[in-house]
Structure formats: C-alpha cells, structure tokens
Amino acid sequence: MNKKVEFIHLGVRDYKEVWDLQNDLFQKTVDQKIFNRKIAKKEQVETKNYLIFCEHPHVYTLGKSGNENHLLANKEFLKKKKADFYKINRGGDITYHGPGQIVGYPILDLDHFFTDIHQYLRLLEEGIIKTLREYGIESGRIKGLTGVWLDEKDRQKARKICALGVKSSRWVTMHGFALNVNTNLEYFNHIVPCGIQDKTVTSLEKEMGREIDISEVERKLKKHLTAIFEMEPIDQKTSYDREKRH
Numbered sequence: 054m055n056k057k058v059e060f061i062h063l064g065v066r067d068y069k070e071v072w073d074l075q076n077d078l079f080q081k082t083v084d085q086k087i088f089n090r091k092i093a094k095k096e097q098v099e100t101k102n103y104l105i106f107c108e109h110p111h112v113y114t115l116g117k118s119g120n121e122n123h124l125l126a127n128k129e130f131l132k133k134k135k136a137d138f139y140k141i142n143r144g145g146d147i148t149y150h151g152p153g154q155i156v157g158y159p160i161l162d163l164d165h166f167f168t169d170i171h172q173y174l175r176l177l178e179e180g181i182i183k184t185l186r187e188y189g190i191e192s193g194r195i196k197g198l199t200g201v202w203l204d205e206k207d208r209q210k211a212r213k214i215c216a217l218g219v220k221s222s223r224w225v226t227m228h229g230f231a232l233n234v235n236t237n238l239e240y241f242n243h244i245v246p247c248g249i250q251d252k253t254v255t256s257l258e259k260e261m262g263r264e265i266d267i268s269e270v271e272r273k274l275k276k277h278l279t280a281i282f283e284m285e286p287i288d289q290k291t292s293y294d295r296e297k298r299h
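Each residue of the sequence shown is one higher than the one before, starting from 54 at the first, in the working numbering.
It is worth saying that the hints were derived from the structure and are not from the lab.
Careful, some of the hints might be misleading.
[Claimed, not checked] Simulated pairs of lysine-lysine, DSSO-like, Cα-Cα distance not exceeding 27 angstroms: (1) 128 with 117; (2) 183 with 128; (3) 183 with 81; (4) 206 with 273; (5) 140 with 117; (6) 81 with 220; (7) 259 with 135; (8) 220 with 196.
Using the sequences and the hints given, assemble the complete structure.
Given below as structure tokens:
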C-alpha cells in the first residue's frame, strides 16, 4: 500500500482554480484505478495521494444535497462583498471559505489506508481536535453532525470551528475540511452554515482573543494528520505549477 502523500501548499488561491486542480488529481486517480483492473498486476501503476492546503478569497459553496435558500444574500450583495458562489459536488449543505481559514483537500486513495468513509471523516476531525488542543482548546463532535465543535455537550453554547464535506468514488476522496483560524466570521451571517439553524460558528482567533499564526496552525495540523493516517509526507513547493497538470 502506498501511504506517501504529496502535500501541496498553495497559499491564497481562487476557489475555482483549486477545484479544477482537485478534479484533475481526483479523476486521474480514479481513471488509473479503473485501468489497473484491466491489466496484469505486475503492469499496474500505483495510485498517488495528495493533500492540498490553501486559503480562498471570499466564496460560498453549496453541496449537492444542500438547500439554496440557506444562502441569505442575492447576487448584488455578493458582488458588493466581493464573494463568489458555487454549486459543487461534495456532500453537505452551504458553507463559507475566506482569508484566515485553512482549507484542506485530501485526494487520497483509501485502498492504501482503509475503506471506510465514516472512519475517514472521524480521523479528519481527530486531526483538528488534536491541533486545537495544542492551543489549550478542547473540542469534540456532536452526534449526527460532521465537523468539530466547541462546548459540544451544551446545546446553547455549542459552536462550530471546523466544517467537513467530502466526495468519494472508488474509494478516492476529494473536498475536505475548513478550519476557522483568523476568519472574518461576519461572512457566516449571510448563510445558514451547513444548514444548521440553531448553532453558531467561531474561530481560533475569537477563542484565543488574538490573531494566530496561520502557518503555525497548518504545520501542527499536518503533523497530526500525518500521524493519525500513518502518512509518509512529501512536500511540494508553495506554488503548484499549473503545467504539471497537463
């Protein structure tokens, strides 16, 4: 099994550009798996794994099963806020991405790790929980809901700090998680986050009362995900060359 994972650090990138990159890597992996089944084992090419870290300019995304009415703003308002809107092919409802938020997109062939989407989601959450703990913040899960929450056992105080939404095909994953670090939470006022009406959102900055070094959080998160999934990390340069995709 190939547990090598290519970590791609993109910095701030347009959502559509990274979505295209995800789709490209995802489809190549799926196609390779399909092709491998048609040829002798000794001729098969091992599939690769990737984990993209980035931030996005302001954007709202709606999952395939989401309710468009959970976007509480019209096109004119979005234009004024310099925010884009996309309907995409992940699970889940509507969410927001923006500067100061770490977005992680694992494109993993789970045949190299384990074939269990429930376990996959729980381990992504565990990586976030362990990262937050390094800042003295205890977090957890709410039964029936994805993501990572603070005060998760108190219905009145529970607030989400990290959202999850994924897609998988032939045990290959795409999309992922969004951890609020120094995120402008005002942008969440214009949606029903993840379709959940009775919960609020928060950020590491809000909980700590100070701005947090986002690159430091990314390093800690990478460390924990690497350990939890038993990955063998391979680092890419900060900018991922577009020509590599052709």
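Do the hints match the structure? See the list:
| no. | hint | result |
| --- | --- | --- |
| 1 | 128 with 117 | 20 angstroms, holds |
| 2 | 183 with 128 | 38 angstroms, violated |
| 3 | 183 with 81 | 32 angstroms, violated |
| 4 | 206 with 273 | 26 angstroms, holds |
| 5 | 140 with 117 | 7 angstroms, holds |
| 6 | 81 with 220 | 15 angstroms, holds |
| 7 | 259 with 135 | 23 angstroms, holds |
| 8 | 220 with 196 | 20 angstroms, holds |
Taken one by one, the earlier hints fail for this structure at numbers 2, 3, listed in ascending order.
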